[in-house]
Amino acid sequence: MPDTERIFLDALERYERPLIRFAQTYARELEDARDIVQDVFLKLSQNIHLIDTERIAPWLFTSCRNRALDLYRKNRRLVPMDTELLELEADTVAGPADNMEAAETKAALHKMINELPAKQRQAVWLKFIINLSYQEISQVMQTSIGNVGYLIHHGVAAMRIKWKAAEAVS
Amino acid sequence: MNPSHDPNLTSWALNELSPSERAAYEEQLKKNPAIQAEAETTQSFCRFIQNHLRDDRAALTDAQRARLQSTAAGHRGRSDDVHIAGGKAVKPQSRIWWQNPSILLPLSAAAAITLAMAPYLSRKSAPQTAGESSTALVAIATPKPEPTHLVLSPSLAQDQTAGAPVPDISPFHPVKLVADVEAKLKASPSAPLEIDVAKLKDEASEPARIIKTSASSLSLGGREGVVTRTFASQVSPAPAGMFSGLIVGSGGVTLAKSGAVTFTISGSNTFTGGTVVIGGTTQFGYVRGEVARNRLAFNDPASQSPDQLGVGRGFMKASTVTPSEGDVTLNSPGFRSSGATQVKSGAGTMVSPDLALAPVPTNQAMPSARGDKSEIRELMRQTPSSTPSLVGAQEGTKITASGFVRTTVGPPAGADVFAPGAEMGVFGGAIFPRKTVNADAPMSMQAVKDDLLSRGPNLMESEIELTRTAGEKRSTESYAAITENTLTEVAAQPLSTFSIDVDTASYANVRRFLNSGQRPPVDAVRIEEMINYFPYDYEFPQRGEAPFTVAAAVAEAPWSPTHRLARIAIKARDVGMAHRPGNFVFLVDVSGSMSDPNKLPLVQQSLGLLTDQLAADDRVAIVVYAGGSGLVLPSTSGDKKPDIRRVISEMKAGGSTHGSAGIREAYVEAQRSFIKEGVNRVILCTDGDFNVGISSTPELEKLIAEKAKGGVFLSVLGFGTGNTKDTIMETLADKGNGNYAYIDSLSEARKVLVDQMRGTLIAVAKDVKIQVEFNPTLVRAYRLIGYENRVLAKEDFNNDAKDAGEIGAGHTVTALYEIVPVGAASPDGRPVVDGLKYQSVPAAAPSDAAKSGEMMTVKLRFKKPDGDKSELIDFPVKDEGAALKDSEREFKFAVSVAGFGLLLRNSSYKGEMTWDDIRKLALASKGEDPNGYRGEFIQLIDKAHGILGDGRP
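Here the protein sequences come in this chain order: L and F.
Sequential numbering of the first sequence, starting at 1, is according to our numbering.
Sequential numbering of the second sequence, starting at 1, is according to our numbering.
Calculated directly from the structure, the hints in this document are not laboratory data.
All C-beta atoms in this analysis are idealised placements derived from N, C-alpha and C, irrespective of residue type, glycine included.
You may find that some hints are simply not true.
[Unchecked claim] Straight line, CA to CA, 30 Å or less: simulated BS3-like cross-link-like pairs of lysine-lysine:
hint : chain 1 : residue 1 : chain 2 : residue 2
1    : L       : Lys164    : F       : Lys31
2    : L       : Lys162    : F       : Lys31
3    : L       : Lys164    : L       : Lys111
4    : F       : Lys652    : F       : Lys641
[Said to hold, decoys possible] To be clear about the criterion: a stretch of chain F counts as covered by chain L if any three or more of its residues have a C-beta under 8 Å from a C-beta of chain L, and this derived list gives those stretches:
hint : segment
5    : 6-20
6    : 37-50
[To be verified] Not everything, but these chain L residues come out facing chain F in the computed CB check (under 7 Å):
hint : residue
7    : Arg17
8    : Leu30
9    : Asn66
10   : Ile152
11   : Val156
Same shape as in the complex, but just chain F (with noise of 0.2 Å):
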């Protein structure tokens, strides 16, 4: 064998061969010069080549490594050598994390406890994202009802504030589990199991067992992978449950704790699947970083004390804190968060003096993976009612800011450390926007460090923590509840008094659903948007100076042929209007979550329609809110159109939101150049998921309504899909006077900015009021359909300081009333409320108006858009008995829309309606339907014909 193409040769260079090898082959080397000089040759350069690949520069943080010495440490056993190990000598730990009165929580009497599996608790309080399994795991549960403590020991040090030591903890206690709760393991896996805890601290000595959590059991026992340390005798004082093994798996965790105990759960857990507490005060330790979605929920409605969850030093990932009430203190300086925000719902506060939230890469079709900002506000949309408070958060603190919320160790839990209005990056450390990180060049975590180091002092570069997290695609659109108008007597209320409503976005919202092939969600189809959205030919006699005419019909209910249905409709004037300038400040979201192209791409196609439409004396002027900068364009005139469409085309979503920015800016800048005689108003265009420099709703609705009293409007054009906040829209397009759009193509936003501009922009009346009232001698009950939030009290009517909608040039409103005459027979013959026994139906005696044979007299009040006196119109309405066919194709194709909603919402007053019904007579009253919007509708009937099914589910 040629001696060069020996392996013996490299293995030598690379000083691979065992001494008795080694001593051999060199032999053999002296023997031949030639090999030697190939053996040193082939040294060299395999040391050369070493030296240029070998990169040992990369290791663990040291933080990390000590984290994992101390790991092995854990696993020591009771004897009391010293180990040397890797050269370095392991100190025994002196001290374990419960003698440290730092850490250390009240303790109470020892009380016994027992381990119960039991089922998995949480899913009231803690709903599962889909496809996640849940079962119960552990349960503690004690007898005595005193006051509870749950302390989670710190167990693995994640304490990575500066050079803090970190300590050595984790004390493994080997304890083995009674035999017989093997047996019954065994016997039933999926049934209740109660461990008795005293036996487990009498054979504490015992070799370590295991403690295996999964989706549908508890494992107790075995070889499968974890070592069990639980539940030491020793500690003093003696803490009445302390279970410091390591829980693995992915069930989750439920405690449950009746009564007064400290318990504690100390070990570095990995499972996964949540956690559940049930009663008492409870303090939750470490949740290692592996945890990928961790939720901690408390459910005890009956418990005196409020829940508490104290989470020691820890570390969490994606999770969410449900508790049904109490507050959640996260109150260990250490404490970490990656992966998304703790979200907290119910009652309560929860503080976190130490807290981050990652951010997630925003140009991803990632509507709010949690943690982000429209999850925190919907939060604390959700319970106004209770100072909901999110990581330190007390109302009205910018921490609604953006996605990526950054704290350093703060004041006290609990300090009111957010006062209302504070500004951003307060609360002893700072508080940053959304760092949008851009999945498909990530940027390095060196560079995200360096810019969110340059924002604040506060932040410790070591506390940083940036996780990109591809979250399930998940919807957080909310949208109120609508419950239907029903059937109202009109013996016991002969009046109903509505707000009109010339909002259409429900329409687009619905017709967004069906054209994605899903089911609008009930709450989002508002039947009167989606009557409103069509524009409608009326031709109506003028009745006084009113800037609209108003008129109205009867025909028959075609879902229910005994009813009638009364149609009442306005027409605003669009010819004949001086025209009036128009001051419009355009305040746009630009944050990252604009990014999708029917976004922000959107809003700029939709400005530069609005932009040719503009005439000179008209004023225009951009606000963003992001990135810091408020003003990008200062009112400008409309004659300036290049200026503003290359404003329009520089803005660029991804920016950083800035809460103080936004809607102050906007009125400040509307209020500047205030046309005293034109159209003044604020023009919000975002994706819902906004927050325009305040965070609490009641408090943007406030400054809205005084804004719109002291005339600068408020319109919202929606865009985008995914995390509409509908209501929050609504309400506040309501507040401002304005009106609600939602766009979803440029041909809506066609429709809305030019074609119906002027009616869009420019009312020409405001708080317009119908108040009907019904004649007891022709109409027994009656239901409005639809305007469900827009019903006021009788009284409303005649108070003008009571709000109410607004109507712009050319637009047209129409309500739908469904009427049972008296007489009319029900479907199965019986009155819809018995006649009373024991008194007299006090009706009172008809008047002789109540003989003209009028069904209801329709009377509006409305004001001028500058006064603020309204007037009063009014007018009988006579049902002469005509069939629908032979009514006016308006009123028949408003009908259908009405039917089409009734069917969307499955709703009970749907009657004999289907899908074909409402087809034939759309298509019956479609007209010359110049702009295709009626032929678009009936292309969604078919649709959701098809979705829905027979609309009888």
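Next comes chain L alone, as it looks inside the complex (with noise of 0.2 Å):
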């Protein structure tokens, strides 16, 4: 079935990535998250014939939330978000690429998204640290493209103002 075959390594090679990051915001290691974007994709590549390829988006994020949560709830291992679906966790860390001030800059960010109100928080979360499409998001959300993008419109635009505001302090 090479249809699905494709479908199975498009959905590899896009969402790899934007889930191994949506994991770890359950799993604080990097191998347990990387074990349970390993688990949804082979769950992925057993029930391709049963899922709307119009939707794998959704099924990848709820199947990987949901794993993250059995993790939890077997190992108690894991971190467990709050139950609200992408609550956000700033990753302030730095990076080894991360100086200083990218550092502090990343933290900033995080900070204001958290601000938020809690759809458009969700929706600037999905599209910049996960990095999906309005489309992916407006699955993910279970919402319509156009209130993707004035959610994510007026949370750039809440940002723009303090960032400026905060950039006039300093």
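Two chains, each in its own frame: build the complex with the hints.
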């Protein structure tokens, strides 16, 4: 079934990193996140003929979340996020490539996202951190693309204002 | 609408507009430069956010990605299309795994296979953890009795050895199951199911089907989620059975093979619940990492050839292998296991050249999650006769060192890679002591890896598998079974011989159970230790030069009033003994498992109490066995108390156990500071989960017995709960001429190490044996209460080479015999055994002494602590017909403790005894009870009464 294979490989290429990033909000350890994402893709491969290929993104993110919570329940080793989907956990730890300033910027941006209203926060988070398209976000959030555009537009606008204000202060 | 409120502005900035929308919007922007500037600013701000927040560094490992890609390839149909996916050409696999001669095992001729659903057969051989349902799943039976191989293919490569290519495997050959199978399933989902594999082959080109296992049924067909690829008929040489489909579900799989066939299961299976293989040689392949708890169980005692399990390149988590017999070979270099060890029970060896045992956090209340040292050691103990081997360990290896055992690619399976006595870290790889991961402040994976890598050159980073598993709380305490002494006819055996026992651990242990609201395991109840726990206020006349006094008394048995109870009691001298300097070496387990508050901290408090008692001519040394350092306090004079206290307070649990330190070091130190006229003793403080450098118990016992002959005795202090290895601790103390006490509280520590310190630590006599000769004219039968594991042969009494118990200063030892007088009516009036019809009972004519009215004669043999020739004391005992209520208080109390033990054991000899009876007896004989031991006992009676009910289940 070449179609399902292609769909699977496309999904793997497209969502591998976003899913890892997403899983990391549940599992602090990269290894755990990798295991979760691997399981999600294995499950996808097993179920791909059953899945509406137009809705692979929400399927993947929902599976990822469920898998992470399963693991948490089993092992109590993962840090459970707030049950509200897509709660953002600020990752303020500087990676090796980050310099101090970049790390601070990152933290400040995370903080701003966190201060957005819930829906805007979700949409902005999925857009800028998980790196999904409007269409994918609309699937994950179960809303229209238009609404996603609205939420992100207002979220970004609010952040811009805050950023300006912050810059003015410093 | 204010154009800056148009969401399209941001959509444009983020390039989320469709081409037509984009063109239209850009037209709009051209008309309005202010909005255009706004849009561009938004665009740059969005890029700014993206640049800072988008973090795609984290990704799957290359191996994981490749594996997933090959999984997708596996779904490809049988067309010859070349598929382009994700911009990358996916190469059709050129060679499937069984064509690889290095993997292929001898395949025998094809045989008809039936897939049969059978009741889950592993129950007996693979005990389930509580709460887990189990049912059977797939059973494969073949008719021909020839050598059998089951080969499970490595369908998903787990090979993470350095740079190894990921083989492209997993041939997917969709198979349609015969239609009547589904019909059968629908009709009776739980009934055994047979599937003719030959028919499956015929329809191999049909669309993929599903096999799903569940706790109660096997379902085939439908759309339940997992594609099954089964029984490819074109494989050459034709395997007799091959199952490359995925097996999912939670009910486990049973493979029942009665004959000669190579059977292959090659799917990247995700089922849980265990795998049972019945019969033949078996190779099991890939059990995917998700499998939380998989057991591979073998159960074919009738099989001619031993069961063999081979795991190909695979991955098991928290797995137990329980073949009833036969060898297990985990024979692929890529094989990995995590989450817990594989544990094999039963005879045979288990060899894995490449195995990871993941550590568990030890600071949680998780006594022995599978895979920690106690389990391994326990395993070795359970099957001492058959070289119980785990993961390549032969007896005497250091693999018992601790939890985290990691080997890299090893020598061929079955090689004697662990020579007895070998140090850690051989086996072509490295074995590491437990790495403790604190669950509250988890170490980063990298830190753990770095730590492990720093320990051995053979460990490849890519193979480190760390999983913190919160296994269910599972007690691994073990007790030797006690078979109560039976009533023995005097005519058959006029002599009863046993060694004294001054251990007290059983009482403290029983108390721990009762205080936590649990019924103590029957085998944890050793009545003699319970009786001897209590100090008795005995005042006996001195007989000869013996360092102790001894006397006997007789009264009726309260649980069986026509029977008599004879008490033999010994009291070691406490006063008038010259002070003998002590040379003590404390051997303290500071491994991670000791971190509970009732373990190492209690040890420290206990040692602190003891330190206060030391005199200037006493010497103390401390050896810890963990973290690679042995001696932490060289032998130090008892007047340097601050130094001793400092070392005690500095001991920390959580170090990894260092196998080669330990008991040898302790004995070396004891010998270095040996005090010729003094008391030389190694005192082992452990939670029983101990590992002191010599892994096999027989070897350890031999060493301890040797050292005891050399004058260095061993005492064992047990601490903590959950994995008390009662048997081993008692045995070791026994071999070491020492005593075994269980310390569950500071007050118990005070009793053992302060109040009875001299008794605990200073022996006044050793090899104390008692032999009783009963007078057949008065005694028909007798029964020694307790002392089951101290019974000696009658010849042993006069044999000075035969080791026996020792008695410490001030100790009291009490033994009770239940005696059936001649003429006593049994409850139903019948004799125990009818008289013989064809021979007269060869009873010797009673001697003159038999007419003396003596009930029995008690003989004692003992040696001075440094002597090797025994001395004898003997005296006759007459039954004056005394009633228990008129007997001395100490006798009554001992009887009440014995009755308590009989009820706890639900002994068949408990007769009419009730909790109230023993309570009254104990209350009446409580006496002054300066330490409160007896008062506590009375409370325990009430607790036991509440927990066990009226004692008549």
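Cross-check of the supplied hints:
1. A C-alpha spacing of about 27 Å is found between L/Lys164 and F/Lys31, which places the hinted pair at or below 30 Å, so the restraint holds.
2. For the hint pairing L/Lys162 with F/Lys31, the CA-to-CA distance comes to about 29 Å; that is within 30 Å, so the pair holds.
3. Taking the CA atoms of L/Lys164 and L/Lys111, the gap is near 15 Å; set against the 30 Å cutoff, the hint holds.
4. For the hint linking F/Lys652 to F/Lys641, the alpha-carbon distance of about 19 Å falls within 30 Å, and the restraint holds.
5. Counting residues of the segment 6-20 of chain F whose CB lies closer than 8 Å to any CB of chain L gives 9, so the stated coverage by that chain holds, three being the minimum.
6. For the segment 37-50 of chain F, the stated coverage by chain L is satisfied: 6 residues place a CB nearer than 8 Å to a CB of that chain, which reaches the threshold of 3.
7. Given the 7 Å rule on beta carbons, the hint for L/Arg17 holds: about 4 Å separates it from the nearest Cβ of chain F.
8. Checking L/Leu30 against chain F: minimum C-beta separation of about 6 Å stays under 7 Å; hint holds.
9. The restraint placing L/Asn66 at the interface with chain F is violated, with a minimum CB-CB distance near 13 Å, outside the 7 Å limit.
10. Look at L/Ile152: its Cβ gets to within about 6 Å of chain F, closer than 7 Å, so that hint holds up.
11. Because the smallest distance between the Cβ of L/Val156 and any Cβ of chain F comes to about 5 Å, under 7 Å, the interface hint for this residue holds.
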